[in-house]
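Protein chains: 2
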Amino acid sequence: MLELAILGFLYDAPLHGYELRKRIAALTGHVRPVAESTLYPAIKRLEKAGLLARTTEPGAVAAPRHVLTLTEEGRTELLHRLAEPAQRDITDENRWFTVLAFLRHLPDPAAQAAVLRRRLAFLQEPASFFYDGDRPLAAEELDDPFRQGILTIARATSRAELTWLRATLDSLGG
Amino acid sequence: MLELAILGFLYDAPLHGYELRKRIAALTGHVRPVAESTLYPAIKRLEKAGLLARTTEPGAVAAPRHVLTLTEEGRTELLHRLAEPAQRDITDENRWFTVLAFLRHLPDPAAQAAVLRRRLAFLQEPASFFYDGDRPLAAEELDDPFRQGILTIARATSRAELTWLRATLDSLGG
DNA sequence: GGAAGATACATCGTCATCGAGGTATTGAAA
DNA sequence: TTTCAATACCTCGATGACGATGTATCTTCC
Chain S
67 MLELAILGFL YDAPLHGYEL RKRIAALTGH VRPVAESTLY PAIKRLEKAG LLARTTEPGA
127 VAAPRHVLTL TEEGRTELLH RLAEPAQRDI TDENRWFTVL AFLRHLPDPA AQAAVLRRRL
187 AFLQEPASFF YDGDRPLAAE ELDDPFRQGI LTIARATSRA ELTWLRATLD SLGG
Chain R
67 MLELAILGFL YDAPLHGYEL RKRIAALTGH VRPVAESTLY PAIKRLEKAG LLARTTEPGA
127 VAAPRHVLTL TEEGRTELLH RLAEPAQRDI TDENRWFTVL AFLRHLPDPA AQAAVLRRRL
187 AFLQEPASFF YDGDRPLAAE ELDDPFRQGI LTIARATSRA ELTWLRATLD SLGG
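Sequences listed follow chains S and R, in order. Residue numbers are given in the working numbering: position 145 of the first sequence equals residue 211, and the series is strictly consecutive. Residue numbers are given in the working numbering: position 92 of the second sequence equals residue 158, and the series is strictly consecutive.
Hints are computed from structural coordinates only; laboratory data are not their basis. No experiment lies behind these values; they were computed from the predicted model shown. Glycine included, every Cβ here is placed at the ideal spot set by N, Cα and C. Errors might be hidden in some of the hints.
[Said to hold, decoys possible] Listed next, the stretches of chain S that the computed footprint assigns to chain R, with coverage defined by at least 3 CB atoms under 8 Å from CB atoms of chain R:
id: 1; segment: 95-106
id: 2; segment: 153-163
id: 3; segment: 195-201
id: 4; segment: 205-213
id: 5; segment: 223-230
Let the sequences and hints guide you as you build the complete structure.
Shown next as structure tokens:
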């Protein structure tokens, strides 16, 4: 997830670590903050893997900056991660939103649509958080108001997303 | 999160690990599967911390079962984790849903309401995923249809949850 | 003059999670 | 009859994330 965000931001323009940190904080920070001690090692990993290159520039204000640029392999890797996300990136909303945030980088609308269809398929599966045997329970069937809340919220999300998915799939050209 | 779910399920009744696994899979598995190699060490951790005790019973079908029971410290710990969740448990929907799933275990409606109010406060903060400087951007201000989607979905979720939160806070007795 | 906060990057130890693999039994399907 | 799926638990190595802490500079405010 973090790695996808790093690659995604760098696809547009080279950035230094600190700026990257601010962008990632803006994107997902209010939900899931990213510690510096997570970001810098992640950058090193990607650099070591040859996905990004580093050049040192004098700092605008303080310490020198390490400006990060995607390599050709980095661009390829980003496109691959966007075109074929792990199932987890499809089902987990946090991860899914990160995929969505950078999906525009995929050059082919058909490839974008394919990713959206995977999410569509996931949302169309009959699934709940609570079951009576194998049967998924609806909010109305629960006593617990908090568990009712979970289902109410999840259903609202699901509806909004299905509407958006279908409209977007349409406009991507069927 | 996983630990909260384990404690939460065991609060109702003693269970063996395999059954626990199935319940956790039902609760959050469609979004975030939990590997066995994560669950069993987590059980051991909690046992080592004195939060749960284990007794061996002959297996109904195959291998012997290790039936897990919450200790008194385990019950106290669960109630503490529910009454005072980390900020992360409030902001991250996955974690928040787990808190909600077991919030009924808190004996005091006022304590339940206090937790809901923390979520309410979080949702009322002006936050987006995308900014123009410091100003949060609305879906309509974005070109990217995928980023529009993120905001559209997040807004629908937020609205549904705010409605539910206010109604539930009311019914918990103001 | 000094403290605080932003800029800018880094390391360290710890811990949670994961995938791969292992052990053993029972019942059903091929 | 062999194989598969389910039951039931476990270990191991790798990795990724985290909090704490450190280093250094510059600006702003008191």
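Hints versus structure:
1. 95-106: With 4 residues closer than 8 Å to chain R, the segment 95-106 of chain S meets the three-residue bar; holds.
2. 153-163: Holds, because 6 residues of the segment 153-163 of chain S bring their Cβ atoms closer than 8 Å to Cβ atoms of chain R.
3. 195-201: Our answer is that it holds, as 3 residues pass the Cβ test (under 8 Å) against chain R, meeting three.
4. 205-213: As far as the segment 205-213 of chain S goes, the hint holds, because 4 residues have Cβ atoms under 8 Å from chain R.
5. 223-230: Holds: 5 residues of the segment 223-230 of chain S have a Cβ under 8 Å from chain R.
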